[in-house]
Structure formats: C-alpha cells, structure tokens
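K.L.:
Chains as they are written, first to last, in my numbering: chain A, 11 to 273; chain B, 257 to 567; chain C, 592 to 868.
Treat the hints with care, as some may be off.
Within a straight-line C-alpha distance of at most 27 Å, the following computed DSS-like cross-link-like pairs (lysine-lysine) qualify [unchecked claim]:
#	chain 1	residue 1	chain 2	residue 2
1	A	Lys232	A	Lys163
2	C	Lys857	B	Lys565
3	C	Lys645	A	Lys128
4	B	Lys355	A	Lys12
5	C	Lys857	C	Lys626
6	B	Lys309	C	Lys791
Residues from chain C that face chain B, not an exhaustive set, calculated with beta carbons under 7 Å [said to hold, decoys possible]:
#	residue
7	Val732
8	Gly734
9	Cys750
The hints are simulated quantities; they were obtained by calculation from the structure and are not laboratory data.
Beta carbons are placed, not taken as given, at the ideal position from N, Cα and C, and that holds for glycine.
Here is what each chain is made of, one letter per residue.
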Amino acid sequence: MKLKQVKLYKEPKLEEPYLLAAWPGMGMVALRAFSYLNRKLNAEEFGEIEPYDFFDPEVSIRDGLIDVPEFPENKLFYWKNEKGNDLMFCIGNEQPSPENEYKLADKIVDVAKHFRVKRVYTSAAFALGGHLLGERRVFGVVTDRESKQYLKKHRVMLLSEAMQMKEAGISGMNGVILGAARERCIGGICLFGEMPEAEVRLPYSKTSKVVCDTLIRILELKVDTQELEEEITQGIKELEQQSLRYTVDYKDLFGKGGKTNEH
Amino acid sequence: MELSPMIKIYKEPDLKNSYLIAGFPGPGGVGLGVASYLNRLGAEKFCEIEAYKFSSMPRSVIKGGVMEELEFLDNEFSYWKSKGENDLIIFKSEQPTFKKHEFINLALDVAEKFRVKRVYTSSGLIRPVRHTKEPWIFAAANKPELKEYLENFNLLPIKTGIGLTDLNAVLVGSARERNIEGVCLFSEVPVYVAPLPNPKGVKSILKLLSKMLSIDIDLVELDRFIKQMDQEMEKLYENLPEDTKKTFVESVESEAKLISDLTEAEIENLFMEAEKDPSEFRISKLGTKLYSSGLFPKYEDRFFKLIQKKR
Amino acid sequence: MNTEPKNTYLVVGWADPGLVGIKVTNYLKEKLNAKEFYEMDLHGLFSVSGVMIKDDYVSLPPTGGRLYRWSGKDGDIIIFMGSEWPNQAYEFNEKILDLADQLKIKRIYTVGGIYTRVPHTRKPRISAVVNKSELKRYLKVYGIELGMDYHGPSSMNGCLIGLAKNRGIEGISLWGEVPHYVHQLVPQLPNPKVSQALLKVLASMLNLRIDFSDIDRETEYGERAIEKFVNQLKQDPGFKGYIEELEKNYDEYIVSESVESEELFKEIENFLKKKEG
Chain A
11 MKLKQVKLYK EPKLEEPYLL AAWPGMGMVA LRAFSYLNRK LNAEEFGEIE
61 PYDFFDPEVS IRDGLIDVPE FPENKLFYWK NEKGNDLMFC IGNEQPSPEN
111 EYKLADKIVD VAKHFRVKRV YTSAAFALGG HLLGERRVFG VVTDRESKQY
161 LKKHRVMLLS EAMQMKEAGI SGMNGVILGA ARERCIGGIC LFGEMPEAEV
211 RLPYSKTSKV VCDTLIRILE LKVDTQELEE EITQGIKELE QQSLRYTVDY
261 KDLFGKGGKT NEH
Chain B
257 MELSPMIKIY KEPDLKNSYL IAGFPGPGGV GLGVASYLNR LGAEKFCEIE
307 AYKFSSMPRS VIKGGVMEEL EFLDNEFSYW KSKGENDLII FKSEQPTFKK
357 HEFINLALDV AEKFRVKRVY TSSGLIRPVR HTKEPWIFAA ANKPELKEYL
407 ENFNLLPIKT GIGLTDLNAV LVGSARERNI EGVCLFSEVP VYVAPLPNPK
457 GVKSILKLLS KMLSIDIDLV ELDRFIKQMD QEMEKLYENL PEDTKKTFVE
507 SVESEAKLIS DLTEAEIENL FMEAEKDPSE FRISKLGTKL YSSGLFPKYE
557 DRFFKLIQKK R
Chain C
592 MNTEPKNTYL VVGWADPGLV GIKVTNYLKE KLNAKEFYEM DLHGLFSVSG
642 VMIKDDYVSL PPTGGRLYRW SGKDGDIIIF MGSEWPNQAY EFNEKILDLA
692 DQLKIKRIYT VGGIYTRVPH TRKPRISAVV NKSELKRYLK VYGIELGMDY
742 HGPSSMNGCL IGLAKNRGIE GISLWGEVPH YVHQLVPQLP NPKVSQALLK
792 VLASMLNLRI DFSDIDRETE YGERAIEKFV NQLKQDPGFK GYIEELEKNY
842 DEYIVSESVE SEELFKEIEN FLKKKEG
C-alpha cells in the first residue's frame, strides 16, 4: 500500500511497534528526551513525512544567492528490539501552524497504521508556579483503558493521582498526535514531567531526563542517561552565561502561580 | 506539458523570450504594487489558477440579493508584448493560506509552459529608516551568472538571510529548481509603516525595472499616491516615542554596507505578524527564530513586551 | 440514508453573530424532535492546536457538526448544527454538499446572524440572499428584505449557497440582523429575539407549525441580559447618542447598506478608546 505524502527509503518489518513521537515544546522536554533515546539506541532513519502540505516554504540567501525552498523535517526512525516491542520514532523539528496540526498528525497516523503500531508515546511539560524543590515527578494521561492499565502495571502515576485536578490539556503536536491516534483506534500515552514555569521557554530542562528515565524503565531499555544529564547541565550553564538577565526576567513574568499547560 | 486542471488558460499568446514579473503580498505591498502598475502598460489577462484549496474563505459577490459568484484567491497572469527583445508576463496574486508550495509551483508550471527565461519579483525590506528617505534597493539572485548582471545596476547586494517566508523571495528560490533564472528586488520600507502601502518603494522598483527591461513606464499617477501616503506616514512618524525616533540615525540610513543580511528584516516581518496576531504559534515561532539566529539579546525587550501584551 | 421522500430540505446553522445560527437550528431540532443520524468529524479542516484531558483521558475538542433528521408527511427536514467555523470553508462545504447530493436535497436554507446598524430596541429585520433569481419572487411573500449588494468576505453560509449553485441545488440564506454594538463587544451574548424572529420566518417557509411559548420565555431573558449590557454602554453619552441615531434611522426606514463588520466595529471603537484612556 503506497503511503501518500510520505517518503520511505525502506520498509522495515516491525513487530507490534511502539511509536515515540516528539516535537519542540515547553522546555524541549519531548524532543530532547526522545532524540536522546533515538541516538543512544542508534535507531535507523527510514523515511520522512513530506512537508509541503503542512508547512510554509522558506528560502535562505547564502553568499548572495537565493536557495531552493527549505522546510521543517519530520523524520522516521526504527529500532529492532530483541527483548520486546520494536520502536519507531517520529521526530519533528518544528510545529506546524494550528491549521495544519491535525493534518500532520493524521498523516503520521497513516504511517502508524501502515506499520501496525500498537501504541503511541509522547511527552509534555507540566508547568508549575514557583520553584521545584526535590524530585521532578512524572505522571501519565492516556487515550484508552488498556494504556491506563499498562501505566498502572508499570507503577507510573496518573495525572489525577499526582495533581489535585480533574481537567487539563496538552497543546501542540505532542497532544494532537494522541487525539489523531485515538480517532483511528490506536492507543496512546503522554508522559508529563513537572517543570517550574520559569523554564517553560528555555531550551534545556532537567525534566527531559526524568521523562527519559521513566520511558526507559517502562520499555525496559538498556540505556544510560548520564550523557543526557551532562548535556542539560552544560546547556543551562551556557544560557546563564549568555544572559543572566533574561532568566531573571522569565521568573518575574512567569513566577506567579497558575498551572498552565500551554505549550 | 500536462498542466494541472487548476490552471485555467483562456488564451495562448505567442510570446518570445518572456520574463515573468510576479508580485505577492509583502511589506509595503511593494510586489503587488509593481505588478498592478505594470498591468497598466496594457497587459491582457490570459490565465489564472483556480484556487479553492489554497484559501480559507472566499469573497461573496451578491447583486440585488442574489449570490452571483464566490471569489477564491484572486490571481491573474497577464501578458504584454514589448517592442523589444523580451515580452512580459505579469503575475499578481493574493496570499495563499494553505499549500503555498503547491501554489508557487503551479505558477512556475505556467512560467515553464510559456518558456519564461527569467523571473523578477519585488518586495519590501523592513528597516529602521524614515519614510522621507529615498528607498534603496537591495537584490538577490538565484544563479551565480546573474550576480554580474545585477552589478550593472548599482544595486546593494544581500549576502545572507535565513528563513525568509516572503513568497516573493520563495518564488525565486523555487524557480532555481526549474533552472529558471530569478531576481528578487527589495525596496526599503520603514518599520513603522510596514503594513501600509508603500508607493515610494513601488516607484523605485519600477524605475529600476524600466532600465533593466528597457521599457517606458509612466509614473505620474504614482506621484499622487506618494504625496497622499507621505502625509499619513508623517502622522505615524510624529506619534513614535522619542527613543524610537533616535534609532533612525544617520549611520543606519546612510550605511548600506551594514545591510547584507536579511535575517533581521525577516525578524521584523515576524514581529509585524505577531503584533497583528499574538497567538501562541506566532510568538513561539518568533522566539525560536530569535534564539536560532543568536539575536535574542538584541530583541529581548521587544519580545517581552509582546508576551506581556498577550497576557 | 436510503429513503426517497418527496422533498428533502436542509437547514444549516453555525456559531455566528448573536449566535443566531446555533439557536435557530437548535430550536428547530428540539421542536421537531429531530433525531441525530450523523456526525461530521473533519478535524483536519479545523485549527486543532491541542487536546483536552478529563479524568486522565485525552480527547480532541469537538469540531464539525451534527446532522438531525425529521420526517414529515410532505418531506424530510435535515438540520445541520455546526459550531466554530472550520478554517477551510470550501472543503467543509463541499462535504456538506456531497451529503446533500446523496440525500437528494433540492434546497438548502441557511440561518445566521449578521452585524448591522439595527438598534436592539426595535423589531428584528430578516434579510435574505438567494442563489437563483427565481427564488426572489418566492421570498416576497414572507416580507423579507432583498436587494442587498455586497462584495466582501463571505461566511460559511454564504459560501455554502454559492457552491450549491454549481451543483444545481437551490440556496436561501436567511440573515437575522443583530445590533453590532452589542454582539461585537460581547460575542458570547446570544440574541434570542432575532433568533425567534428568524425561526418564525423559516417555520412558515417550511410549512411547520411550531409552538413558540417556551421560546418566548427565553427571549425575555435574553432581552433583559442585552438591556443590562446596553445600560452600561449608555453611561457614555456618545454611545447613547449613537444608539439614538440608529433608532431614528430605523424608524425613518433608512436602509443600511451592507457593511463589513470591521467597519462597523470601527464606529464603536472610538467610544471604547475613550473608556480605556
């Protein structure tokens, strides 16, 4: 079956794979955690989603010449797991505009259906006012009962257990992909990681590591996150060197309470 | 060559060595202004793209309570036979909302069918200059051979620019994929009047094009419009805070060498769009661009003001 | 969807000024006890920028619209009740028209509100746009304003009848004029008075006998809410004067030309600026 608007360099044979999907978002949690895993497992790139219907073209000028149009990427990778479900990754480097989010998500679900993906995993930051003392917790939300039971089995807290709230939201592709998957009967889980609101617009956050650790534990992967921790620490140091001022300003702007789940 | 059924050709003029002059919306409405004005040479409409899938909402044409028709994205190709070497095809279009890449390629399909050799587009370059300044023109081409050609016209070259979204620039980039030469001319547009029509910019581009293409264009009508807009722009200039006015210093206005990178102009573009529509998407896009270009510290204050406004 | 009744009409409404489109379709659905038979779930045509979470379950925000059917002895009435507009009017309306073709619908009525300079204190005016000039004569009987000239941004309803024309399906757009100075400032405030007036017209066109007594009650509440809001506005003498002028024009039957809502908003913007400043 030919997939439209998807370029496949090869057709790997995958057994009941899980799809790990990530885009840039608050604190870059999903993207950093999932890209790290992708890299450490040495997952192989096997295709990409053609961007033309989901993104606007951009051109760059290099050495006085206007170059051919460029687009954000949504790349597909796979990793064969001898000890469990194979993994597929969809890593995007930019979010589409709201008019195109569902369309892109639906296209990725086409790919998931094609490869008989069993479950989709995404991640997001759960922003909290004030500073976080101690461990940052990870908790999940799901699209279906089976995934809920799966989380319980792996001792992952649910949102309702972690927070005193019944309602919340996930904005951006990290949420919409789950909605699209659900529409077409593929289960999904989103792992939230706690994050102080001050970090929301920063590209490095310790939350990436806790989420990555949880995912490694659930999926029983043999991956070490020491390097990820170093990457994050180094990144934060560089940010602080560049401009101490704006980290302070961020705290001023965002320091006042409220649980936004804004992406 | 098999064209998409979306391309409606009403007439197939016999054109020789044609150049395509295209205009999409952009800062100062320069591209559209240039294309509109060139149509006055006596160009005749011969083609359009049926644009249902590229627009969000059409316009209604209702007469006497009867719905006559719906207008989707307005666009037209017109042609003009010159007495010189190169005939002209003029393409004017509204901004497509969806599938821009596909739309641009349909336009280039038409260009290819009529064996267009070269495409010229124009737009506005947002800069911290005063509206009283005679706008400079910057240029970029899509092929190395054209760089020499451009030098003949004393244009200011653009060396770099990352992530330009202006369709006038994108068209020239896409043309490169088809081996069609392309030049994009940018006329300066003052930052405080970027969303308004800029006939001074249009005039400067037209003067240049008349030299480049060896055609006579009567610009008198434009002078009237320029006077009118100058008055409006003067009012906006007066209302600017004093420290903003100070940024339009002589050095910026007279040092063309400083501008060889369009990235800041693109950032101005993104600010303009985010100020119009302060949605999360636009603000994130702007923030990401500021980080990736390393220009965050320079635009920090303005960016924070935008976030506060949103809240 | 396999029956072939004598005449099947489609009534379409969306969230629009004064929430008229939603109110009228909802009233009709309730009064006829129409049964839901289809849901148009076209998320790709809407701006979906996130998902909701309730009790740990993720779900998409509701988009699209539902279709209801009522079978009468002369024919069927299908009601489409939409909500927020999709961002691709052409694509969505073509899907509605595909369904209309399948259901052998001959005529589409759209219902909705339109911002005009009508004062909130006067009897609502209903105007119409048709997609075939023969339909104009038909409307004269119902005392509806016709004769509008307009060239500007369309709406889901306008776009629908425009596209229906291409398929040879008749289209009548009924517009309830809502006081722009109320509903442009508070879009969540519905205008049941206008909705009721429009429903009355629609009901007579469709030959339906409807008991309006409970709708009358809702209309009273609605009017009070609007009156309360307007009294706040009237504290500004400029605004008070603006409304009085509109009343004068209405009474002298000065027909207001169709103006784009942006221009209408500018007229009251100045009063707001004064308040903020």
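K.L.:
All the hints need checking, so say for each whether the structure fits it.
P.N.:
Results of checking the hints against the structure:
1. A:Lys232 x A:Lys163: holds (19 Å)
2. C:Lys857 x B:Lys565: holds (21 Å)
3. C:Lys645 x A:Lys128: holds (23 Å)
4. B:Lys355 x A:Lys12: Measuring from Cα to Cα gives roughly 22 Å; hence the hint holds.
5. C:Lys857 x C:Lys626: violated (43 Å)
6. B:Lys309 x C:Lys791: violated (37 Å)
7. Val732: The hint is violated - Val732 (chain C) has no Cβ within 7 Å of chain B, the shortest such distance being about 15 Å.
8. Gly734: violated (14 Å)
9. Cys750: Where the cut-off is 7 Å and the nearest Cβ of chain B is about 6 Å from Cys750 (chain C), the hint holds.
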